[in-house]
Amino acid sequence: MNCERMEHRWIAYVDGRATPRERREVEQHLAGCAACRQRLEEYRSVWKLLEEVPAADPSPWFDARMRQRVAAEPAPSGWRRLVQWLPEPRLALATLALIAIGFWAASTPPRPAGRQPVVAMNEQEEFKMIKNMQVLENYDLLKELNAPNEAQGN
Amino acid sequence: MVRSDVQLMLGVKHGDEASFELLLRRYRTPLCHFLNRMVRDQALAEDLAQEVFLRVYRARREYVPSAKFTTWMFRIATNLALNALRDSRHRQSELSLDAPAEAEDGSVVSLDVPDGAPRVEQQLVENERVAAIRRAIYALPEKQRAAVLLHKYQEMDYDQIAHILGCSVSALKSLLFRAYEVLRVELAPLVAPAVSGPGPGGTMEGGKP
Chain A
0 MNCERMEHRW IAYVDGRATP RERREVEQHL AGCAACRQRL EEYRSVWKLL EEVPAADPSP
60 WFDARMRQRV AAEPAPSGWR RLVQWLPEPR LALATLALIA IGFWAASTPP RPAGRQPVVA
120 MNEQEEFKMI KNMQVLENYD LLKELNAPNE AQGN
Chain B
0 MVRSDVQLML GVKHGDEASF ELLLRRYRTP LCHFLNRMVR DQALAEDLAQ EVFLRVYRAR
60 REYVPSAKFT TWMFRIATNL ALNALRDSRH RQSELSLDAP AEAEDGSVVS LDVPDGAPRV
120 EQQLVENERV AAIRRAIYAL PEKQRAAVLL HKYQEMDYDQ IAHILGCSVS ALKSLLFRAY
180 EVLRVELAPL VAPAVSGPGP GGTMEGGKP
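The listed protein sequences correspond, in order, to chains A and B.
Quick note: the first sequence uses numbering that gives the first Met the number 0, first residue 0, plus one each step.
Quick note: the second sequence uses numbering that gives the first Met the number 0, first residue 0, plus one each step.
Derived by calculation from the structure, the hints in this document are not laboratory data.
It cannot be assumed that every hint is accurate.
EDC-like, lysine to aspartate or glutamate: derived pairs with alpha carbons at most 20 Å apart [as the list claims (entries may be wrong)]:
hint	chain 1	residue 1	chain 2	residue 2
1	A	Lys47	B	Glu154
2	A	Lys47	B	Glu127
3	A	Lys47	B	Glu180
4	A	Lys47	B	Asp156
Build the full structure now, drawing on both the sequences and the hints.
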C-alpha cells in the first residue's frame, strides 16, 4: 500500500475501528514509511488535543424551561387522542376507513324502483315457459313437423 | 431495569410524560455539548437543544422506531444547527460585516474570522491552548465540523453519522479525513515534538473521552 491509499485508512486506524485486515495493511506500510509514522503520531496528538476542549453543560434552568415549553404545547384533539391510543397508524387509518365505509353503506338509498319491473317481467317470462313446458317437452310434435333426421333419431 | 430510548419514546407516544422527562435527562447534556461546539454560543446552543426536544415531543404521535433514536435526535440537532449558522451568516452579510465564517466552496478560512465569540468571562478563563483548539474546530466547514463532533465526542459509528449527515459511509470517511487533516496542520504548533519514535501497531483505542 502506498501513502495515498493510507488516506482512506487513517481515521479508522486512529479511532480503533479498522478491521484486523485494514490494521495489518496500515502497519505493514508504517513499518517501511517514516513519513507516515510521523503523520500517525500527529493524528494521535490531534486526537488527544480534542479531548482537552470542555463543553458547557446545560444551565440549571434548562429542565424547568423545557417543562414549561412542553406544557404550553396544545393538547391533542379528541380524534387525535383516539388515534394516539391505537398501537399503529396503519391500524388507525384502517379503522377510520371501516367507519367511513359503515357510514356510507348506512346512508346509501334503497335500490331504485325502476329495476323492479325488469325482475317482474323476467319472472313472468319464466312462468310462461314453465306453463308451456308440456308443449316444449312433447317431442312427438317434431315428427309431425317433418323435423331433420337427427331430431327424428332422438 | 433501564428502559431503552425506543421504549421511552413509545412511552412518550402514549402520553407518558415521565418517559419524556427521562429522555430529557439522558440527552440534554450530550445534545448541549454537541450544539455548543457546533455553534459556539452557549445561549444559542441551549435554545437549539430545547427546540430539538420540542420537535421530538411534537413528533411523538407519529413516532415509529425505524431508526436509532439518537440518530433521529442528532439529525434534528444537526439540521437546526446548520440552519442557525446559515441564518447568522445571512444576518452578518446583511449588516455588511466581515466575510462569512465559512467559504461556500467548503474551504477553510483563517482562524481570526469573527465567530459569534463566546462570552467575555469565558474568554478570560479559557486558556489560550484550549481556545486555539476550539477555534480550529470552529473554523472547519460546517459539515466537516459536525462529522468530527459526532465522531470524536459522541462516539457514533460511521453508519450513524453518515445517516445524520445524509451521505454515504465512504463520503463520510473522506469528509472525516479532510477534517482531521486540516486539524493536524492547524494544530501542529500545539503538538509537542514526539519524545519517542511512533513505532507501528499502536492505535488510539481506549483514547476516547
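Results for each hint:
no., hint, in the structure
1, A:Lys47 with B:Glu154, "14 Å, holds"
2, A:Lys47 with B:Glu127, "16 Å, holds"
3, A:Lys47 with B:Glu180, "15 Å, holds"
4, A:Lys47 with B:Asp156, "19 Å, holds"
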